[in-house]
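Number of protein chains: 4
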Amino acid sequence: MAKDKIVLAYSGGLDTSVILKWLKETYDAEIIAFTADIGQKEELDGLEEKALATGASKVYIDDLREEFAKDFINPMFQAGALYEGQYLLGTSIARPLIAKRMVDIARAEGAVAIAHGATGKGNDQVRFELTAAALAPDIAVIAPWRLEAFREQFPGRAEMIAYAEKHGIPVQASASKPYSMDRNLLHISFESGMLEDPWFDASADSNKDMYVLSVSPEDAPDQAEYVELTFEAGNCVAVNGEQMNPLGVMEKLNELGGKHGIGRVDMVENRFVGMKSRGVYETPGGTILFTAHRKMESLTMDRDVMHLRDSLISKYATLVYNGFWFAPERLALQALVAESQKNVSGVVRLKLYKGNVIGAGVKSPVSLYNPDIATMEADPSKAYDQGDATGFIRLNALRLKVSSGVEQSKQK
Amino acid sequence: MAKDKIVLAYSGGLDTSVILKWLKETYDAEIIAFTADIGQKEELDGLEEKALATGASKVYIDDLREEFAKDFINPMFQAGALYEGQYLLGTSIARPLIAKRMVDIARAEGAVAIAHGATGKGNDQVRFELTAAALAPDIAVIAPWRLEAFREQFPGRAEMIAYAEKHGIPVQASASKPYSMDRNLLHISFESGMLEDPWFDASADSNKDMYVLSVSPEDAPDQAEYVELTFEAGNCVAVNGEQMNPLGVMEKLNELGGKHGIGRVDMVENRFVGMKSRGVYETPGGTILFTAHRKMESLTMDRDVMHLRDSLISKYATLVYNGFWFAPERLALQALVAESQKNVSGVVRLKLYKGNVIGAGVKSPVSLYNPDIATMEADPSKAYDQGDATGFIRLNALRLKVSSGVEQSKQK
Amino acid sequence: MAKDKIVLAYSGGLDTSVILKWLKETYDAEIIAFTADIGQKEELDGLEEKALATGASKVYIDDLREEFAKDFINPMFQAGALYEGQYLLGTSIARPLIAKRMVDIARAEGAVAIAHGATGKGNDQVRFELTAAALAPDIAVIAPWRLEAFREQFPGRAEMIAYAEKHGIPVQASASKPYSMDRNLLHISFESGMLEDPWFDASADSNKDMYVLSVSPEDAPDQAEYVELTFEAGNCVAVNGEQMNPLGVMEKLNELGGKHGIGRVDMVENRFVGMKSRGVYETPGGTILFTAHRKMESLTMDRDVMHLRDSLISKYATLVYNGFWFAPERLALQALVAESQKNVSGVVRLKLYKGNVIGAGVKSPVSLYNPDIATMEADPSKAYDQGDATGFIRLNALRLKVSSGVEQSKQK
Amino acid sequence: MAKDKIVLAYSGGLDTSVILKWLKETYDAEIIAFTADIGQKEELDGLEEKALATGASKVYIDDLREEFAKDFINPMFQAGALYEGQYLLGTSIARPLIAKRMVDIARAEGAVAIAHGATGKGNDQVRFELTAAALAPDIAVIAPWRLEAFREQFPGRAEMIAYAEKHGIPVQASASKPYSMDRNLLHISFESGMLEDPWFDASADSNKDMYVLSVSPEDAPDQAEYVELTFEAGNCVAVNGEQMNPLGVMEKLNELGGKHGIGRVDMVENRFVGMKSRGVYETPGGTILFTAHRKMESLTMDRDVMHLRDSLISKYATLVYNGFWFAPERLALQALVAESQKNVSGVVRLKLYKGNVIGAGVKSPVSLYNPDIATMEADPSKAYDQGDATGFIRLNALRLKVSSGVEQSKQK
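Chains as they are written, first to last, in full-length UniProt numbering: chain A, 1 to 412; chain B, 1 to 412; chain C, 1 to 412; chain D, 1 to 412.
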């Protein structure tokens with residue numbers, strides 16, 4: 001009789017290697033290892049062999065970078081999503097894509113479960129599993145770190161190494177870093193270790209080696225660099241006049257941002273599972289894109305559409321952060337966002353300089369800005385009669401006057 | 001019989017000088033000149049004499065700087081107000097204070113009207129007049145620039161200068177700048193002139209002379225500087241450990257921010273009167289304060305309070321921008337904000353470097369961040385059981401699974 | 001040389017008859033009279049002749065009822081719009097349609113302006129003119145009641161009658177009612193006159209004659225009547241199993257609601273132009289539809305989509321009330337609403353009895369309600385493990401516990 | 001050595017009786033029985049004896065009705081809270097009060113835990129436990145129905161009865177009803193049993209016996225009855241001119257509402273734990289109060305305060321429904337609500353008739369409604385100049401015209 005199949009999100013690191021073997025033993029199942037290439041730039045070479053050597057029956061290594069940029073990063077940036085006023089959601093937005101592919105593989109393979117190595121304290125477990133729930137409610141999820149048996153078997157790193165050695169799982173003798181990292185096309189995150197002390201100065205020179213995607217502002221070039229981003233309907237489609245697909249845009253902006261020390265954020269944030277945590281992020285290209293997009297909107301988006309959308313950013317960002325990408329309320333918000341972006345087209349010029357993304361001009365064939373109306377000089381277009389403001393102000397003031405009159409009569 | 005009195009917001013510049021005389025003639029009234037010192041640092045010396053020479057019957061020059069910092073800037077920064085994702089509302093927040101004092105003087109003097117020199121195209125007229133409506137619905141407002149007779153008499157600057165000369169009004173022979181400026185304790189704004197072209201690069205070296213409160217990032221010191229801000233209940237009460245009143249805080253932060261090239265914003269914004277306009281702002285101290293306040297909140301503010309407040313920032317900022325400071329809906333929002341700030345206390349350390357305000361540590365005696373809970377290491381406090389996440393995720397996923405199941409059955 | 005053309009929204013009543021003639025004289029223009037049939041059931045017979053006799057060069061009488069039901073009422077009811085918790089927006093939603101057709105006629109006729117007889121105090125002027133601004137910014141609007149010359153010429157009804165008689169305009173010698181009325185397919189509104197006193201009891205027996213669309217609850221049948229509404233994607237498509245187009249649905253529900261005394265509302269509301277006013281409405285069919293739609297949603301709409309949509313109802317309703325139907329922010333909200341309605345399909349059974357619309361059952365092939373999960377009995381589907389709630393509650397409680405601990409430590 | 005103490009929310013019914021004994025045995029602890037009188041009108045006589053006979057070491061029976069009305073119902077009605085457009089939150093609002101008193105008793109008694117008999121599928125468990133978390137994070141909670149051991153021991157009602165008999169627990173031989181009920185001062189709820197079928201017509205004559213607090217509209221008096229409610233700062237303080245404390249108000253309104261068949265709601269709702277469920281409610285007095293409060297606001301509350309508050313009702317209601325009464329975000333919202341209610345004072349007259357609550361007049365010494373302004377007749381106060389509307393509309397239309405112009409130019 002055929003064994004059950006389990007699809008495991010596999011990175012080749014110690015945790016998922018141990019989990020691969022452990023799953024195989026515990027469930028007496030075929031384990032299909034799946035690695036998504038979402039721009040993490042980690043060593044993907046040899047991963048297939050390693051997975052097979054560890055016991056996988058089959059290995060998927062899928063390049064999802066273009067899909068990531070096009071169907072996940074782009075719509076999220078259209079929404080102007082920013083979590084708690086600071087975080088560009090670099091990790092959050094990658095998880096639904098990975099889980100979606102896992103589910104697709106599970107369906108194609110007839111697997112009964114998917115498994116992941118995320119801990120029981122973080123947001124990633126939620127993001128993986130809510131995606132699976134939304135896309136494949138019938139497929140079970142195995143999260144070993146939330147199983148008491150697993151935690152008891154592996155109370156610490158030492159036990160995992162021992163287990164790996166015992167089972168002939170190849171383990172890299174990498175000097176463990178005093179923090180954890182997670183990287184993709186949009187960003188890299190750092191947490192744990194010395195970062196757990198929020199008073200620790202992650203920007204200090206002594207901590208310089210931690211960063212990967214960007215130089216420090218102090219080490220960035222002394223010469224500013226200009227860049228022009230072209231937008232069509234809310235998406236960046238060209239950099240410095242060169243048409244690019246979404247992946248190309250991200251790679252180009254990452255290069256530029258990293259070079260100029262752009263996009264580092266150090267924050268305390270609120271996890272969905274209820275506690276605060278401290279994270280440090282590098283989002284070089286994303287920070288440029290975020291700034292440019294807002295500036296493009298400022299010229300081309302209707303005022304009240306912007307204010308409405310802005311009032312929903314906190315909600316949208318929280319949904320993405322919490323893993324509700326495939327939830328119907330995110331789709332409803334996205335429909336509003338898509339409608340709001342139809343006219344967000346034109347060119348934004350930015351000046352990159354030692355950590356700064358400085359607006360240096362914006363233009364559009366569909367600009368809603370009309371200097372003839374706005375000017376304090378004589379209005380050549382006669383589009384605006386200053387006398388109109390009198391009635392405008394009076395009617396806006398009417399309810400305030402009535403309230404005020406009542407207030408005064410109360411005090412008598 | 002005593003003449004009617006009119007209180008005029010007077011700056012000593014060409015416009016309000018001409019208006020002073022024009023009002024006196026047109027209405028055959030006593031004109032009381034009023035100048036608020038809100039940190040504009042313009043020449044206040046000799047202003048009294050000049051007003052009297054121009055025809056004022058009485059002159060008020062009132063130092064409102066401390067009130068401005070304490071009762072206007074502080075509550076607004078508690079709210080985290082940011083207009084259209086970019087503007088710290090430096091001009092908007094000053095107007096209600098000026099109008100409030102005008103109204104107080106009008107009451108004390110028994111004046112029948114207040115007058116101002118704001119144009120019919122801008123936001124300031126609205127802010128002045130909504131404040132007056134809310135505080136003194138019985139007092140009339142005269143806005144000469146919205147009167148056709150006045151506009152016809154003064155179609156351009158030349159006619160104003162001629163009028164001034166004819167009436168012996170002292171006019172400074174200042175070389176007119178190709179843009180307009182407005183300064184106070186919180187910021188300086190620039191608009192008009194060459195800035196009306198949104199493609200004009202206001203950050204260019206060739207435009208360096210425009211800026212007043214800050215050096216360019218390029219010209220800021222090569223050496224970063226650390227600063228510590230102490231917060232109590234959402235307000236900054238000490239800088240680098242030194243207790244200061246709100247005015248002192250703003251002055252100190254302006255000095256630091258200006259030195260390090262911090263707080264320049266160049267944007268297209270949406271005026272309340274219906275058109276887009278382009279503004280450039282320097283808000284050096286405010287930018288430091290804004291950043292520090294968010295970081296203080298990140299450590300001490302409850303997650304759901306933050307998300308609720310964040311969803312209302314757009315609304316709050318729009319109210320301030322549009323001049324509804326003394327409107328009951330702003331007061332209702334402020335009550336929510338005040339409740340949210342009770343626990344926002346502690347110290348934020350920032351690193352100022354060439355335009356960047358970099359978080360470099362945060363601590364608080366009432367911190368809600370508990371590294372023992374957040375840690376990915378073993379949890380010494382046992383406050384968090386990873387197994388709990390299973391139930392948490394399952395119940396969050398339940399409605400997604402049900403929806404998904406229905407969706408799948410529809411496709412069959 | 002050809003004369004300019006003006007399109008006038010014409011009802012045949014005294015006001016618009018006088019305005020027709022007055023416009024013709026004042027502007028020396030051709031006046032095109034336009035009457036929209038939106039279900040007002042007023043005498044449309046003879047209207048063409050009357051308009052021509054009064055001086056119109058051409059007359060349009062267009063039946064817009066089906067368009068009104070399909071493209072205006074339906075999307076608004078999908079949104080669950082309710083203004084200030086009480087008003088179903090019966091007048092508000094009709095205005096954009098009328099103005100849209102006026103603009104279409106103006107374009108087709110090459111007219112330079114449109115004109116209407118709405119007063120300067122109400123909401124209708126705004127709704128007409130914002131629609132025109134959004135659809136035809138180049139066409140001028142003439143609102144005689146806002147012109148001082150017109151108001152001076154016609155300070156009261158007597159002067160209008162005299163003018164009509166002088167110009168041979170046929171005037172009905174109708175006994176004037178002590179209130180004004182406005183009727184369409186969705187509702188009838190009453191205001192002014194004795195209704196201006198908010199303490200006046202409009203529900204009193206002595207006021208019975210005012211109502212048009214419905215009997216009083218007291219006069220409704222003693223026998224309840226059941227009705228079933230079938231929904232597809234948020235719209236009612238059948239009543240009692242009989243397929244109907246949107247117009248047919250409204251007519252059928254109006255008949256049922258009117259018979260059973262349903263849909264009267266008496267309220268004080270806030271006009272866009274700044275004052276409160278008192279209105280009484282009859283919306284018999286709309287009230288049934290509104291209730292049924294919510295009940296259909298309760299069974300088929302995802303929880304978080306509903307909560308999101310509900311948080312936007314006040315905004316949506318205010319936009320419609322204020323006349324922003326064709327504004328981009330209404331379109332953005334509508335996109336969200338449309339997305340939310342995809343699954344709102346099924347049957348609602350209601351019991352109509354003396355003013356009450358009582359839910360009497362709801363069912364759907366795409367119901368999200370699963371009694372096997374909800375039941376307090378044993379769960380045959382095993383879809384829900386009660387133990388999961390422990391983790392769910394613990395993680396939801398975590399931040400409250402941390403806050404509470406900090407609070408307690410402060411008090412020590 | 002003294003035994004640990006556990007405080008149990010005890011009703012005297014089969015479940016909590018069995019739980020009392022089971023807790024005592026399982027934890028070898030002293031069990032303190034606590035019953036809150038929140039208006040459930042169930043037999044409280046003999047409850048103390050029964051609890052002691054079942055093994056309680058001490059019994060608290062506390063009358064919390066006045067506190068319930070004053071500190072829970074009143075602030076919630078000030079907020080206009082309505083869950084999912086239909087539910088007045090009668091059960092939800094009682095739970096935090098009960099849990100608060102449990103915690104107080106636990107503190108006074110030095111208890112280590114509190115326990116309740118709510119199931120793992122409902123909202124009440126969450127409401128109890130979130131309250132406990134917010135008020136006493138150090139006290140443990142025991143929820144037997146979520147413990148697998150307990151569920152295994154008591155798979156059904158038969159096992160509980162057998163256990164009760166074995167331990168000499170007095171069990172009433174009541175004929176079990178085919179649904180469950182929960183009653184308090186504000187309402188009674190029904191769920192389960194035949195109600196689990198959402199197509200079941202709970203309004204049918206054959207189901208009449210289920211209802212407790214109200215007659216059917218069909219059985220209500222043929223004669224309408226008028227009632228006047230007097231409000232001060234958002235709270236009802238007198239009925240028909242007679243001053244009453246909050247408890248007295250609720251009792252009087254319940255009597256009136258019940259008599260006239262008012263306040264029945266039958267709905268499908270979304271539980272916090274993730275599933276939909278069907279509930280039927282009777283809220284006779286609450287429905288009158290809710291309607292009256294809105295009408296009082298309509299006359300005395302500023303427009304923009306109302307729209308702001310209305311946009312937050314869904315959020316507020318969800319917080320109460322989900323059990324976050326003592327969470328900081330509810331307190332923040334309440335601060336906004338309290339500010340909004342300062343002027344909500346006056347008298348509302350209602351007509352009660354066969355299920356209908358009909359507005360029949362409203363007046364206030366601080367009314368913001370000024371018929372002199374609103375009237376379509378000549379305005380004696382000259383407070384409103386119709387010509388002002390022209391400028392008001394033009395500036396509101398400006399952005400629409402600009403957008404429209406851009407749109408048209410795109411199509412060329």
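Calculated directly from the structure, the hints in this document are not laboratory data.
Any given hint could be a false lead.
[Claimed, not checked] Pulled from the structure, derived: some chain D residues nowhere near chain C, Cβ distances all over 12 Å:
#, residue
1, K21
2, D28
3, E42
4, D63
5, R127
6, Q153
7, E196
8, E251
9, E255
10, L299
11, D310
12, A327
13, A335
14, R349
15, D372
16, I373
[Unchecked claim] Distance condition first, Cα-Cα at most 16 Å in a straight line; then the derived EDC-like pairs of lysine to aspartate or glutamate:
#, chain 1, residue 1, chain 2, residue 2
17, B, K351, A, E165
18, C, K315, D, D304
19, B, K315, A, D205
20, C, K166, C, E25
21, B, K351, A, E30
22, C, K382, A, D138
23, B, K342, C, D138
24, A, K382, C, D219
25, D, K410, A, E407
26, B, K315, D, E49
27, A, K342, D, E49
28, A, K351, B, E218
29, B, K382, D, D138
30, A, K410, D, E152
31, D, K177, D, D209
32, D, K5, D, E30
33, C, K351, D, E218
34, C, K41, C, E66
35, C, K382, D, E152
36, A, K50, A, E165
The beta carbon of each residue, even a glycine, is placed where N, CA and C say it ideally should be.
Status of the hints after comparison with the structure:
no. : hint            : verdict
1   : K21             : 21 Å, holds
2   : D28             : 22 Å, holds
3   : E42             : 19 Å, holds
4   : D63             : 27 Å, holds
5   : R127            : 10 Å, violated
6   : Q153            : 14 Å, holds
7   : E196            : 4 Å, violated
8   : E251            : 24 Å, holds
9   : E255            : 20 Å, holds
10  : L299            : 5 Å, violated
11  : D310            : 4 Å, violated
12  : A327            : 6 Å, violated
13  : A335            : 16 Å, holds
14  : R349            : 7 Å, violated
15  : D372            : 9 Å, violated
16  : I373            : 4 Å, violated
17  : B/K351 - A/E165 : 46 Å, violated
18  : C/K315 - D/D304 : 11 Å, holds
19  : B/K315 - A/D205 : 40 Å, violated
20  : C/K166 - C/E25  : 14 Å, holds
21  : B/K351 - A/E30  : 53 Å, violated
22  : C/K382 - A/D138 : 13 Å, holds
23  : B/K342 - C/D138 : 53 Å, violated
24  : A/K382 - C/D219 : 59 Å, violated
25  : D/K410 - A/E407 : 51 Å, violated
26  : B/K315 - D/E49  : 58 Å, violated
27  : A/K342 - D/E49  : 72 Å, violated
28  : A/K351 - B/E218 : 12 Å, holds
29  : B/K382 - D/D138 : 13 Å, holds
30  : A/K410 - D/E152 : 66 Å, violated
31  : D/K177 - D/D209 : 11 Å, holds
32  : D/K5 - D/E30    : 5 Å, holds
33  : C/K351 - D/E218 : 12 Å, holds
34  : C/K41 - C/E66   : 14 Å, holds
35  : C/K382 - D/E152 : 15 Å, holds
36  : A/K50 - A/E165  : 14 Å, holds
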